Structure formats: C-alpha cells, structure tokens
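J.: Sequence:
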Amino acid sequence: MHYPHKISTNTAINKIFAISFIGTVPSGVFIYILYQIKVYKITVSFV
Numbered sequence: 015m016h017y018p019h020k021i022s023t024n025t026a027i028n029k030i031f032a033i034s035f036i037g038t039v040p041s042g043v044f045i046y047i048l049y050q051i052k053v054y055k056i057t058v059s060f061v
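Position one of the sequence shown corresponds to residue 15 (this note's numbering), numbered consecutively onward.
Hints are computed from structural coordinates only; laboratory data are not their basis. Please read all numbers here as calculations on a predicted model, not as lab measurements. Ideal Cβ placement from N, Cα and C applies to all residues, glycine included. Wrong hints could be hidden among the right ones.
DEER-style ranges, computed between Cβ atoms [said to hold, decoys possible]:
1) T23 <-> V53: 38 to 44 Å
2) F31 <-> T57: 43 to 49 Å
3) A26 <-> S59: 27 to 33 Å
4) T57 <-> S34: 51 to 57 Å
5) T23 <-> T57: 42 to 48 Å
6) Y46 <-> N24: 36 to 42 Å
7) I27 <-> Y49: 28 to 34 Å
8) T57 <-> S22: 47 to 53 Å
9) V53 <-> S22: 27 to 33 Å
10) G42 <-> S22: 24 to 30 Å
11) I33 <-> V53: 29 to 35 Å
12) K52 <-> A32: 25 to 31 Å
Using the sequences and the hints given, assemble the complete structure.
T.: Written out as structure tokens, the structure reads:
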C-alpha cells in the first residue's frame, strides 16, 4: 500500500523543516551559549 501524494507531502514538510532548522541553528547555539554563561555566573555568585 503506497501513497505517493503522502510521500511528496512529507518530503515538502521535511524540506521546510530542514530550511527552518538551518536558519534557527546559529541563533539557537547563540542563545544556548548565553544561557550557559548566565548559569555559570549564577553558580559562581552562589559559591
């Protein structure tokens, strides 16, 4: 049982997801680094 239209829709969704994922990775990494620095500063200030 094959559904070609379903496969093409999934491919389109995957492409859109991949493009948006590539676009959000740099900002996500930047936010993560900022978050890590924030947590580190809070930890250091408590010690």
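J.: Can you give the numbers of the hints that this structure goes against, from lowest to highest?
T.: As far as the earlier hints go, 2, 3, 4, 6 and 9 are violated by this structure, in ascending order.
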